[in-house]
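Undergrad: As given, the protein sequences belong to chains A and B, one line each in that order.
For the first sequence, position 398 (counting from the first letter as 1) is numbered 398 according to the numbering used here, and the numbering increases by one without interruption.
For the second sequence, position 112 (counting from the first letter as 1) is numbered 112 according to the numbering used here, and the numbering increases by one without interruption.
Honestly, the hints are just simulated from the structure, not real lab data.
Some hints could be false.
Here are the simulated DSS-like cross-link-like pairs (lysine-lysine), alpha carbons at most 30 Å apart as the crow flies [claimed, not checked]:
id: 1; chain 1: A; residue 1: LYS294; chain 2: A; residue 2: LYS370
id: 2; chain 1: B; residue 1: LYS282; chain 2: A; residue 2: LYS437
id: 3; chain 1: B; residue 1: LYS320; chain 2: A; residue 2: LYS418
In case you want the letters, here they are:
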Amino acid sequence: MRKMTKALLGATTALTLSAGVSQAAELTLCWAAWDPANALVELSKDFTAQSGTDMKFEFVPWPNFADRILNELNAGGKLCDLLIGDSQWLGGSAENGYYVKLNDFFDKEGIKMSDFAQAAVNAYSTWPKGTPNYWALPAMGDANAWFYRKDWFAKPEIQAEFKAATGRDLAPPTTWPELLETAKFFNGKDIDGKKVYGAAIFTERASEGITMGATQALYANGFKYEMTPGKYDMEGAVNSADAVKGLEEYKELYKCCTPPGYTDAYMGETLDAFKSGQAAMAMNWFAFFPGLVKDENVGGDKIGFFNNPKGTTNASTLGGQGISVVANTDNMDGALAYIKWFAQPDVQKKWWSLGGYAVHNAVLNDPSFKDSQPFAADFLVAMNQVQDFWQEPSYAILLQATQKRLHDYVVADQGTAKEALDGLVKDWTEVFEDDGKL
Amino acid sequence: MTDTNTTVLDKAADKAVRATPVPLVYRVRGLSDRSIAWVFILPTIVLLLAINIFPLIWAVYLSFTNFRANRPNAEIEGVGLSNYQRVLNDPDIWQAMQTTAHFVFWTILLQMLIGFALAYLIDRKFRGHAFWTTVILIPMMLSPAVVGNFWRFLYQPQIGLFNYVYSFFTGVEPSSFEMLGSVTLSPWAIIIVDTWMWTPYVMLICLAGLRSIPDYIYEAAEVDRASAWRQFWSITVPMALPFIMLAVLFRAIENFKMFDMVVLLTGGGPGSTTEVASITLKREAFESWRTGRASAFAIILFVAVFGLANIYVKALNRVKQR
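Just chain A, with the same shape it has in the complex:
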């Protein structure tokens, strides 16, 4: 009996140890569940082939992504070895010690941040923003942009009608007034026997949707977070006359020209509106554009792309993320090895070819890049004019306040644009006072 017990114990120990060994050769990468994540799964097969490390993935739908992953980090969980987290999380994750600082590792392995697009490095890797303190490797460049029904825009009868109505040729809008005019023109029109609407835009309340949408209009109209960068002096910047005008334009676009029922719409809903042939134009992240081009019903020759129209300036809302090593990982060497592998120019090129948005200069500066996809040239332009939301450790509170103020004004018709932005200054001031920054 004792022998049998010893044998069983031995077998159990051996199994446990072997499980431990296999765990060490395994990495879990956490990200949002969307098209580029599938491309990353495909890309990572090369890493597994080269290193023998099995890759596991934890992809969380966007509306729950921040909740799920930030809870995991706050709880000191060990779910993720690598995390492709939102740019706004950098401040908190760096200050709370959730991410590993990568400067020494980059120096040791010869990974240069100058090999990546400067705007992407600032947005996805650095905290404090713009300083040479790196907490992530730029992984996925992204910005908010627009797409439209090229086939509808090309119809001679629609072109003639548009010319008669507006006095100009029908083309993708280059300014916000043109965007509004074009959206109003298409709204309610009967095309191919179906009533269509002007534009599908972000209005989602719960996570970040309406902020990411409305800032397109705000940034383009000269909205700034501070009068003096780093001073948190928001009065006159956040609620400037230009910013008020931008917010009014966004509300006008929402009121005049979005499909019925789009009061809580984000990425999925705007894609649905476009793919179902309801919307002449729509906004969304570049990340979805490869999928749209391939769409059987609205892709190919039927779709065109354009960058965020100009207001008083050219600007686009930043999306995208960097890849970080989670400080709590049990497989630090494996996680760093993945970063080293991912930073290689060849891997970055393959990343782009699979549908990921590489921001490595070897990819962006390639002469063939602009023609590699119908939206590639726009992507280059967008990445040079991106603006990001606060990346402060208190970004979540700042974001919630913004979501409320913007949704109250744009969707729920409460107050004026000036009151909404004044309220935002008040909310944000309170947050920075609590943080001891004001």
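For this one, chain A is given, so just place chain B on it according to the hints.
TA: The following block gives chain B in isolation, referenced to the frame of chain A:
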């Protein structure tokens, strides 16, 4: 006969004691009835303390601090009553409380009226009443997640059945109004769904009340030539009142903390139109991560519900004693 049985039992007990390992026998023999009772209930008490009382005390402690769950390395400082002051002076929180009160009042009113009417009808015992009782109960058997999602589709202005049915009867264009996207309609959209789902529950409680009224009281009223109307107001309503009040208490507590249905239908929007207190609390605690302030808000809500429920239960007892 009894003596023989006792002897047999005693022998069996002795045998069991002899078969039990000696230390255990000593231990069990050494315990009084009261101690054994404590041994049995202790695990439950420990569990209750661990998962109910300790978190409550901890939340009270956190409500006096600046703690934020997303800043584990930051120093926790006492802030006195500041969190309570800020919660009570926050217009957004008062707005959420008003929204909650509006939701609780109308759902309870509608559910009581319809639920009691249905119970009154079902109590008539017409042909097939058992079948219809089951049919009426179906909504409350569904998961709130299922109910929320399919009503979201029903309310969809372009393809939703609700808009088409309304359009059929009124001639209004179906896509011309949005139940979930309109500031004026969205609170009512949630009230309709909650009423649809939980009226059967109220009906069941009211039915129990109606069935508890003895027939002889009605027979005596008949002898006294009391009209049906008089019987209803003088017998049915007063005697079913404790049950109705109980239903009000259950639904009020449940709807005061309503979260899932509102999140699924509107997410608190448009704007903050349907943001009930529980959603505000969740946002404060798990999106803004102001744990101290969220704890203060939770304690205020707890005290409010606990106080109101106590007052209500006292009133209920008074009604029962009449």
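Undergrad: Now tell me if each hint is right for this structure.
TA: Okay, the hints, checked on the actual structure:
Annotation: proposed proximity of A/LYS294 to A/LYS370 holds, straight-line Cα distance about 18 Å (limit 30 Å). Restraint check for B/LYS282 and A/LYS437: satisfied, since their Cα atoms lie roughly 26 Å apart, inside the 30 Å limit. As the CA atoms of B/LYS320 and A/LYS418 are separated by approximately 57 Å, the hinted pair breaks the 30 Å bound.
Hint violations for this structure: number 3 only, all remaining hints satisfied.
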